[in-house]
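Q: The residues making up each chain are set out below.
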Amino acid sequence: MCAANLDQLSASQIAAGVAAGDFTAVEVARAALDAVEQRDGEVQAFLQVSADLAIAAAEATDAARAAGRPLGPLAGVPVAFKDNMNLVGTRTTCASRMLEGYESPYTATCVQRLLDAGATPVGKTNMDEFAFGSSTESSAFHPTYNPWDTTRVPGGSSGGSAAAVAAGEVTVALGSDTGGSIRQPASLCGVVGMKPTYGAVSRYGVVAFGSSLDQVGPFGRRVEDVALAMNALVAAGRDPYDSTSQDCPVDFLEHLEDPVEGRTVGVVPQLLEAEGLSREERTAIQQATVALEAQGARVVEVELPNIASAIAAYYVIAPCEAFSNLARFDGVRYGYQEPGCSTLAEQTSLSRAHGFGEEAKRRQMLGAYLLSSGVYDKYYYPAQQVRTLITADYVRAYEKCDVILLPATPRTAFRFGEISDPTEMYASDMFTISNNIAGNGGISVPMGVGAESGLPVSVQLQGPAFKDRSLLTFARAIERSCSAEGVVAPAFAGKGGELQ
Amino acid sequence: MKKLAEVLRDWEAVIGLEVHTELTTLETKMFCNCRLSHDDEPNTNVCPVCLGMPGALPVPNKKAIESIVMAGLATNCEIQRHSMFYRKHYFYPDMAKNFQTTQGPVAFCMHGHLDLEVSGAGAAERPDGTGVEKAGDGSYVAPVRILRIHMEEDAAKMVHVGGEEGRITAATESLIDYNRCGTPLIELVTEPDLRTPEEARLFMEKLRETFLTLGISDCSLESGSMRCDGNVSLRRRGETRLGTKTEMKNINSFKSLHDALEYEICRQAEVLEEGGIVYQETRHWEPSRRRTVVMRVKETADDYRLFPDPDLAPFDLTDEFIEHCRERIPELPDAKRERYMADYGLKKKDAAQLAGDPKVAAFFEEALSGVGEKVVGTLANVMVNLVPSFPGLTVEQVRGISGLLAEDAVTFAQAREVLEAVSQSSEDPVAYVDAHGMRQSTDEGALGAIVDEVLGRCTDQVQQYRDGNKKVLGFLVGQCMKAAKGSGNPKAFNKMLAERLGA
Amino acid sequence: MPLTREEVAGIADYARIALTDAELDEMTTYMNEAVELLEPIRQYDLEGVEPTFHPIGDLSNVMSDDVPDTSVRALPIDVALENAGASRDRSFRVPSILGDQGGDR
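Residue numbers (my numbering), protein chains in the order written: chain A, 1 to 500; chain B, 1 to 503; chain C, 1 to 105.
Hints were generated in silico from the structure; no laboratory data involved.
Since we're looking at a predicted model, the values are computed, not measured.
Hints should not be assumed to be uniformly reliable.
Claimed, not checked - Subject to a maximum C-alpha distance of 27 Å in a straight line, what follows is the list of computed BS3-like cross-link-like pairs (lysine-lysine):
(1) A/K378 with B/K88
(2) B/K298 with A/K378
(3) B/K471 with B/K485
(4) B/K206 with B/K349
(5) B/K245 with B/K3
(6) B/K62 with B/K157
Could you put the whole structure together from the sequences, leaning on the hints where they help?
A: Following this line, the structure appears as structure tokens:
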């Protein structure tokens, strides 16, 4: 293979090139670090670049090849991790003052699995503080800029991972999705972002937000890259360290190119009429429908009668779980500790007051209220009952279709500060949240740029539990006909990152 | 203050217990694979899970679940097929996550019971005619319902330093050791069915014997692996409404449990009789001053924000799992006691003593193997009356001394002397007795000559005996012993003297 | 019935989040707005509907063997204390617990 820019190569091309000796993993790592160097000043996707770890991992990959050992499917592929994922040798801050400088003594299972597949860890990416947000603006450290228009947000909470991939700084990045935190920023940044079925990917070592909603998944510029990363995440089977993880014995690449002819796509008319859905995003759904029909898929209308209550259910369940999960941050064993306190109560309250940002405090306060005695029965318990209804809605819908096609986000990337009311921000996830409530998989697929805005538009596919392979097959079908695959945000394409 | 007996004539004490038992015999903690700590240096057995580090997740210990199911079956509980773990929140750094993982409204074990057999002096604490039927000797059976037994994790140990050492109120700082944090803990809650301190004490004893027999814990009240909180309230005899209860903490012996409850019952009676109010509060038992003092007044119920732990899959225990637990339950103390009484003719008290401690019972049964039928009773007697004084004894030694006693080769007093000498070594008691010329003769020929000589010499006493003063036999046995220079068996002398005098 | 400022202060106290007066005002506004957002949940007749606390299908009885792991996850003392704000010898250190709940545990 002749000299190329790293941002033009797919993950499998990089792994194949390293395996074939076309270039070394160290060369790839240096190219990736160069791209970060050249591009991240404007994007600020990263909170930390782990150059030493990247080079060491790449050297190990090259040494393995030299010794004739088999290489992993992600050999040499530059990856980034959302900063709520523990990786020994890096800081895990969750973009919070609370964890500024915190070094985890252990590595998350999802991170380890990519490393075991040969990936090169380039760094940790920015996010909304503790994943509370849809714009990455609540990061305690700095904003991240949308590579398509740096006056706009990249979405969130996994905004750093989405932006790093969109700007071509890395080939694959991991994010976590509690209510849309992978699919929404993927949509705003014009990349593929997948939230697998709850339980398919281990949550061990990923700082928890909403334990029954959180799921880790990959970003890529190609559906194939996402499939490859998914394979690495699930191939070793369920994680014995995560009680809710399950075996997902599937090869996501195997049926990627299967035709969708004769298969059924559901659309939910009610959602397409939703208030706040932009014309561009609605057009994207029409285009994707046409494309899938052109490939022989059947499009049927399905109903999700209770989906309108998903946001309400979510804003009961998620804050409650967040309050509980974040109770551990008391400044004793780790994290910010308020100096000079004479009593424990004072130290705890001030450490939490000064360590957490506004949204983190709001969510915990809401959760602490909703769980209190008397209130629990009015909100928490019924929210979990409504969850049953929403889940049942999906089950019924999937009796009529293989996947559901719907928007990923109501609108394209918004400007910094444009949405300042927290409850208004919550509407950003109106199309993604129901899937977390049900625990099903979903994927955001780029549809090129909008005619009016010039910003990335996208669609979302959702599927039944543990049928994530179908999602990738349909996503690939859309990719084939609707979006130029592997697109890097134009302002950054080719800036640094030459493979020498 | 009035005495307990007096108080309980006018007042009914309503007592409930909460008993926490650490599953000390397991290898690892409840939700991670850290070793359980027994006297380790602070923070030796810790990992991301039990330190509550960001991102760590719990996985339940299978053997702990098996243990609690066994505990439930052994206490006649209904094993709940479906249950979940919950999170119970309170901000205090002895819980690394600031919540304790415990169970919610449905525990693994619900609605059990234990029957207490109350006898002896303690039975008198319960006035006659108060809900139980007493036997002629005053003993009675008190049925005690168990509300639930649930699974949870223990907290870290905190040491409060500065000021008066160990006292929370004066401490300037506290040190936290997470070794104990995450230790599997089962909490048993009784219904308020107990009526006297003695019943409470017996319940704890019985529970401890049961858990020891199951092998799920070392059940040490002293070291805190078994901990008991007692709740007590008073109401006038005949009243059906419950009074305000207080909760007793720092109970680290059976005696403390009894005495703390006794004190508290008398204290509450005094308060009430003087027209005062009993406040719902937690009180601390001070054994040295023999009193309870207020620790904390509970003005409102604590709000722990309990909700199902989303990180832990629910449980749907299968029949197979429960049967597997049932099969692992060894013979329980009550059944064992009955068997000892039936098979070896032991008295109830002796049988209960041997059956109550699984180590003692196992030792007893091992010592019994290969022992002739005639020796069994003697061996049990040795187990009850001698062995507790000599902790180092081997089964062989117990068997040896029992054999000697059974064939009247040594007296009981001599047996004690022999065990004193051999308990520190593994020396055979038989060899010791022979080496020290302690073996007593039961040879009728040799002893008969001595008996005849004594009868010939002590004519006065013989006459007294024949006149009806049977007590004089003891004197004559003594004379025989003296003449035999200690090597004659007193029982043999006794028998021969009685035979000859009776003829 | 909206949450009062005092009630919000009580929740903050419980959740160990110190709030200034201004923050307490903002928080009270937020809490009431957020709770309003949750209204749809209260409009349902949910009689007989089982809750879904765990979106994991039929997965149950997940347990691990009682086997110690002293090498992979166990933390050496220096690592365990590494991120602590205060420690002494081998222990984590906190200021006086005076005025705290839980002292009777």
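Q: Each of the hints needs a verdict: does it hold here or not?
A: Structure-based check of each hint:
Simply put, A/K378 and B/K88 have alpha-carbon atoms about 19 Å apart, close enough for the 27 Å limit, and the pair holds. For a cut-off of 27 Å, the pair hint linking B/K298 to A/K378 stands: about 26 Å separates their Cα positions. Distance restraint check for B/K471 and B/K485: the Cα-Cα separation of roughly 22 Å lies within the 27 Å cut-off, and the hinted pair is therefore satisfied. The suggested pairing of B/K206 with B/K349 holds, with an alpha-carbon distance near 14 Å, which does not exceed 27 Å.
Of the supplied pair hints, the one linking B/K245 and B/K3 holds, its CA atoms being roughly 20 Å apart against a limit of 27 Å. Distance restraint check for B/K62 and B/K157: the Cα-Cα separation of roughly 25 Å lies within the 27 Å cut-off, and the hinted pair is therefore satisfied.
In summary, the structure agrees with every hint in the numbered list given earlier.
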